[in-house]
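Participant: Start from the sequences, fold in the hints, and give me the full structure.
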Amino acid sequence: MRNTSLRNTWLIIKREYLERVRTRSFVVLTLLAPAIMTVLLLLPAKLATVGQKARHIVVVTSTAQFGESVRQGLLSASPDNGDDDEAASSGRNAAKPAPDHQYIVDVDSNPTEAERADLRGKIVSQTIDGYLWLTDDAIATGKVEWASRNMADFGERSRLSEKLNRIIQYARLSRSGFTGDQADLLLKPIKVESVRIEPGRAATDSSGKKFIEVVVMVMLIYVTVLLYGISVMRSVLEEKNSRILEVLLSSATSTELMIGKVVGVGAVGLTQVLVWVVMAGAFALPSLAMQVDLDQLKVSPEVLAAFAAFFFLGYLLYSTMYAAIGAISTTEQEGQQLQFLIVIPLVLSVTMLSAAVKTPDAPAVVWMSMVPFFAPVLMYARIVVQTPPLWQITLSLSLLIATIAGVLVLCARIYRVGILMYGKRATLPEILKWLKYAKN
Amino acid sequence: MVLPSSTESTAANTVELVSISKNYDNFVAVNNLSLRIPRGGIYGLLGPNGAGKTSTLRMIIGIIVPDSGQVLILGEPMGRAHTGRFGYLPEERGLYKKMKVMTHLILLAQLKGLTSSEASKRAHYWCERLELSSWMDKKVEELSKGMQQKVQFIGAILHDPELIVMDEPFSGLDPANALALKDTLLELANNGKTILLSTHRMDQAERLCQSICLINHGRVVLEGDLGQIKANYGHCSVQIKYDGDASFLRDPKLVQSFNDYGNYVEVRLTPGADTQELLQQACSKARLDRFEVMQPSLEEIFIEAVSKPNA
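Note that the protein sequences, when read in sequence, are chains A and B. Each residue of the first sequence is one higher than the last, beginning at 99 in our numbering. Each residue of the second sequence is one higher than the last, beginning at 1016 in our numbering.
In case anyone wonders, no lab produced these hints; they're calculated from the structure. Check before you lean on any hint, since a few could be wrong.
Calculated pairs, DSS-like style, for lysine-lysine (alpha carbon to alpha carbon, straight line, at most 27 Å) [said to hold, decoys possible]:
hint, chain 1, residue 1, chain 2, residue 2
1, B, Lys1112, A, Lys338
2, B, Lys1153, A, Lys112
3, B, Lys1154, A, Lys112
4, B, Lys1115, B, Lys1160
5, B, Lys1268, A, Lys338
6, A, Lys144, A, Lys261
7, A, Lys338, B, Lys1256
8, A, Lys112, B, Lys1300
9, B, Lys1112, A, Lys112
10, B, Lys1160, B, Lys1136
11, B, Lys1136, A, Lys112
12, B, Lys1113, A, Lys338
13, A, Lys112, B, Lys1115
Facilitator: Shown next as structure tokens:
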């Protein structure tokens, strides 16, 4: 008996998997999606840099000597990007500080109103792109004028003011008699580094990296659930509509069919994700390795295990819910209308995410992370930030597994009764009645 | 090719239903229904649309569970172990449209416990027999409705089941395919398989079935051996062409009434009278050219049975 069950389930899994993986659309999507993603990610950046010419600006200062030092300051790399430590660990500015926006800088030490009008005329006639009014007066009042045709580039303005601040502070310090080294020391920025204390070890880990670890999980669950959950639903509906189910039910139980479907279609999704991850790894790792200390990418084995467990179970839970939706609806449109049942818990877990990362042991977060629908995101987030007590992890995992089994059995019943009385979408009282019918 | 037969059970009846009932909401689909399907032969489950035929078949193969009563398969309560011993062709046909015919047949047979190689061997045999050989590597959706139905039929018998349950097997088939199906069913029946088919077409059942069960509104109207039912049921008439003494026509124990058409007389027998006795009487009195027992058609029986109150 047990063997028959396993055998049947395996046969269904195999069918669902092979029939899907062998289709042309699967192969095309698997191979093409990364290419499309790459283009979509790279195109905007490429577009922004293409056609960007060196900008010709004029720096107006009271003395030519100060003008020259401003010119050199502007042409050098920006000071905050120069801090290697910060760049590497935050991961955000992983790229080596590129020589900033290319400028052609002219120095003008003739700060008269006539000159100002003349420069404005040059901007209009496009001879120059902009000017900086950096006279001693302007510096004294703290208000420096940056004039250009294009006011939309906020990034440029903030970059400029950062640089100018540093240049002017440096100038003020040296005017007060500090040497260059002393000025450097005074102006050296400091950085707060977070250290996570765990029994037995202390690890330097930026919170940014932790957040990324959690967000990657959330994104993966989101994308896989939405991409493949719907195909579980579709396959349930296909069976209902093609009436093949009646034949299958004369050989296999509805529970075997349900498990076979969820696992089989689920495996298709995992296969695709795996292919993508491998492809991404093959293409992205070499370039990443060149820039970032690889140690920074390393994730502890416990976190990796938690990631695998919660991702897999979360995916399974949500796919099973999709199967249940397929079981109670009669058409795909109906099913899609019911999708909110799945999206809402997903969105809720995301909204609670920041709370979970900030206060992983607040009672509300602790209990929410036990709820199976939120556990894949919240419990995983807690594990990443601060290892929770073992009993909590165990409880959360057990509840998750029990819920998956429960939803599976429930929807196997709905499925069996629903198929034999098709025609319309079931109402809640009807579903409850069906469950009663299907008791034995 | 002789198909190996699975272990035979010794129970006298392949299927026995003991007062089963099934209600959907307020609708009674099957009401206290009992029947026995003897081993071997073709058994017809007859009745008008909505009589409860499909519900009854589904309970026999265990897709739905009766609210009360018992289903015995080969003498034992219906259970998981029986699934490999019957084949089922539902009324609403369904196959995975994107699957190839051969792969699909193998899947169905594997679910019934066959190994993949054995399933493939048998599928080839049957596809050849039912003229589907050239379609084996096509996708199901490329086949015509009739061909899909043949594929599904093969799927139902591939594992050589003892009991073959078919819901309206002839609907949707053209005459040539219906003939091929009929021949196959007869052959299987002659090999000792039990075939249970439902139909609302009386003429079909009359030609094929040894035993029938007539149901209406979820209840049994008539059940048993078809010949017996016909003999027992209602009035039997005999057409006689004779020469000579016609006094045998006036025996009230045998003849209720007669109608002389000139060339022959049509005799309506007294209920319970034996045609053989009439034959002897007639033989002894007159010279007979023709003596033909005219049995009422199943259709007449059916109409009369359901029009009777409390039938």
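Participant: Look at each hint and say if it fits the structure.
Facilitator: Now the hints, each set against the structure:
A hinted pair counts as satisfied when its Cα atoms are at most 27 Å apart, and Lys1112 (chain B) with Lys338 (chain A) qualifies at roughly 13 Å. Proposed proximity of Lys1153 (chain B) and Lys112 (chain A) is supported: the alpha carbons are some 20 Å apart, at most 27 Å. At roughly 18 Å between alpha-carbon atoms, Lys1154 (chain B) and Lys112 (chain A) fall within 27 Å of each other, so this suggested pair holds. Proposed proximity of Lys1115 (chain B) and Lys1160 (chain B) is supported: the alpha carbons are some 15 Å apart, at most 27 Å.
With a C-alpha separation of about 61 Å, the suggested pair Lys1268 (chain B) and Lys338 (chain A) falls outside the 27 Å cut-off, and the hint is violated. Taking the CA atoms of Lys144 (chain A) and Lys261 (chain A), the gap is near 25 Å; set against the 27 Å cutoff, the hint holds. Restraint check: the Cα-Cα separation between Lys338 (chain A) and Lys1256 (chain B) comes to about 60 Å, which exceeds 27 Å; the hinted pair is violated. Of the supplied pair hints, the one linking Lys112 (chain A) and Lys1300 (chain B) is violated, its CA atoms being roughly 77 Å apart against a limit of 27 Å.
A distance of roughly 17 Å separates the Cα atoms of Lys1112 (chain B) and Lys112 (chain A); the hinted pair therefore holds under the 27 Å criterion. In summary, the hint linking Lys1160 (chain B) to Lys1136 (chain B) is supported, as the alpha carbons are separated by about 24 Å, within the 27 Å threshold. Of the supplied pair hints, the one linking Lys1136 (chain B) and Lys112 (chain A) holds, its CA atoms being roughly 21 Å apart against a limit of 27 Å. With a CA separation close to 15 Å, the supplied pair Lys1113 (chain B) and Lys338 (chain A) stays within the 27 Å bound.
For the hint linking Lys112 (chain A) to Lys1115 (chain B), the alpha-carbon distance of about 15 Å falls within 27 Å, and the restraint holds.
The structure fails hints 5, 7 and 8 (numbered hints given earlier, in ascending order).
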